[in-house]
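Residue numbers (numbering that gives the first Met the number 0), protein chains in the order written: chain A, 0 to 419; chain B, 0 to 419.
Calculated directly from the structure, the hints in this document are not laboratory data.
As the structure is a computational prediction, the values presented were derived from the model and not from experiment.
A few of these clues could be false.
Treat identical chains as interchangeable: a pair holds within one or across any two.
Simulated pairs of lysine to aspartate or glutamate, EDC-like, Cα-Cα distance not exceeding 20 Å [to be verified]:
id	residue 1	residue 2
1	LYS269	ASP229
2	LYS366	GLU194
3	LYS178	GLU232
4	LYS36	GLU67
5	LYS245	GLU191
Protein chains: 2
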Amino acid sequence: MKTECIGIIGLGYVGLPLMANLNRSFDVKGYDIDARKIANLMSSVDLTGSIDNENLKKLKTKVFDQIEELKDCSVFIVTVPTPIDSNFNPDLNALKLACQKLSKLLKINDLVVFESTVYPGTTEEICVPLLEESGLSYNVDFSVGYSPERVNPGDKNQTVDKIVKIVSASNPIALQKVKSIYLKVTTAGIHEAAEIKIAEAAKLIENVQRDVNIALINEITKTLNQIGVDIHETLNAAATKWNFQKFVPGLVGGHCIGVDPYYLTNKAQKMGVHAELVLASRRINEGMPKYFVDRILRYSQLNRKNAKINSVLLMGFTFKENCPDIRNTKMHAVYEEFCALNAVVDIVDPICDPNDALKHYGVDVLKCVPNKMYDVVFCGVSHDIFMSGDFKRINKFLVKDGIVFDLKSILPNGKNIIRV
Amino acid sequence: MKTECIGIIGLGYVGLPLMANLNRSFDVKGYDIDARKIANLMSSVDLTGSIDNENLKKLKTKVFDQIEELKDCSVFIVTVPTPIDSNFNPDLNALKLACQKLSKLLKINDLVVFESTVYPGTTEEICVPLLEESGLSYNVDFSVGYSPERVNPGDKNQTVDKIVKIVSASNPIALQKVKSIYLKVTTAGIHEAAEIKIAEAAKLIENVQRDVNIALINEITKTLNQIGVDIHETLNAAATKWNFQKFVPGLVGGHCIGVDPYYLTNKAQKMGVHAELVLASRRINEGMPKYFVDRILRYSQLNRKNAKINSVLLMGFTFKENCPDIRNTKMHAVYEEFCALNAVVDIVDPICDPNDALKHYGVDVLKCVPNKMYDVVFCGVSHDIFMSGDFKRINKFLVKDGIVFDLKSILPNGKNIIRV
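Please model the complete structure; the sequences and the hints are all you need to start from.
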């Protein structure tokens, strides 16, 4: 199989581990539009922490910031981000650009496989026409496939080699090729979808289901708080039923669960369907930063002599525990909520890359807690490191009647601790 | 333990199996307001099919239609229905009546345990005051407990002796007594909730979660149908992800999942919280009968020479497969949809009690398919019996270009079969 050269377009949380994995069985080349990222990878630095050093060294001579370097590949796998824009609409620009660039390289018998999350129909209705700009004929000269990525950033158990891959393609011969490639990627097996749009839809509904379930628990949390019933004890009791799924209240950030539902609702809207549960779930989850800050204000009003919150420390800035990814992190929304209340807000997160935070959000993220006292400590991300050392000694940086908001219930019990 | 006599108030799907179970370890007596039901039980007839003949015979001398017969009991377990009224509001009449009747019997040191599903606060705010009409003092002379029923009608695996029971009580001594009783009921163990309202909330959110998840799949079904993507193939693909929960599209009837969410939303509304996801889910699930009938009309318009649907056969009338329970069955809503279209509608269901259907819905339910031809066969309940014998030979009772709507995908493939 070493004869086939596979080109990976986009070397982020999805593309890089996939490339490392494919490198065991195939010739591979990787391309990323971000020259700084390529320079880092060539120096064996992976800021995403997605692959280990050994794999990184094996790839350092195979990554490029010019797509032309991949022109001798016959299979291309596109793993570029598909985010949303500021109006919560699908932003397919990276995907479209990848297709346009690929159309310049495409040769007879080439296969282009997409892994980026998209709404049903995107591959055939948007990507294929762009690839046809090559002058080649779809399903005659070139074929496409779709195999949704299921990467779970920061999860060391459900890695790409251990998850079932859904595969689909535009014709049976292409499907055989897609299958033969992904069978080398995973030991968990593959699932053939009969149509590309089924594979596209499957990925979306996986993440939609998580988003809606978290939104439901957030809605129940707000309801039970109002009634005066503890949500965590209620969840613990309900979880003793054989078919109860224990989701927990919280913030939904990141590039998947907080984003993919908009791909479905956007397509639905175009087709005249109002996906009300999915939209309501997004609205509820997007509203949680404000809800949590409101709860802190109420607590302060009821329990403190001087209710005013002048200073806040946010513990954690990434969208997920033990993972440097800050895309669409809702801790930034919490930051903005407190800033809007005229509080001075510091952020501490030893896992987050401060340059990344400064570049994308214009905020300073500290590695250690500064020598200051805070009215509120908002612990929003359950990094393992927060459960050890200095971070645990919260009283050291909390004023006497200060408030600890412990979203993830990771801190030791104590006075003035609000749990969700 | 045989010294304590336990009285069961309400001998339906919950009370009867519980009584049979308790009868192994305790003296028990059962009361039901329905004299016909008591007469049946005394003749060893259980129309709900909840317990076997052997257990039935053991109970026949212990059931009464006069609650006074239970006056020597010291523990009462209330298992009356808590349905909704025609405005979708909680109907606590049976529960209140049970409390009022119990207040006439209540003695010093008695314990009253509730199993009926209620919104958080019901036991303490509604039931206790009614019990106090006895003149006895709450938590001094008498105590209460709450242990939500988790009966799954028709499920022979998750029976009351094999499920974890949540227990709670109004004081520690009562809790000990509640625990000692339920430890004899189940081998799966008990879960102590710190407060009664936590146990009440836990039961509600279990069923709310199911309702919302089914509503989500119904919403996705409608969306994907519009986009032209097969829902079942999409679900099969998504289900290959390790954390995907495979719910399927369909009707939500019965006395639990289609009812309990209203208990939560009603209480939420009173507290000023709009539980929008839960309410939207109810609306979506309640709208499915109309949606399915609309799909059949469209199919008929597109595929048949004479589109008019004159005759319809509904296969299945109970709310669930292999279970005679017709409470809140949505097959009746399907029936009404077709009647409103001026179709003649026959119903066949060998599992359903025809007297029950006539009494509660005023409809005739047949045991066998009549010797007629139908434009539409709507197969809505997956009774095992529908997968055998005459029921499978659908062409025998379908006109030439007739339509089969196979909600549960239980029929063999063929022409003119619509699957959801």
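Legend entry - Non-conforming hints, listed in increasing numerical order: Per hint list: single violation, 2.
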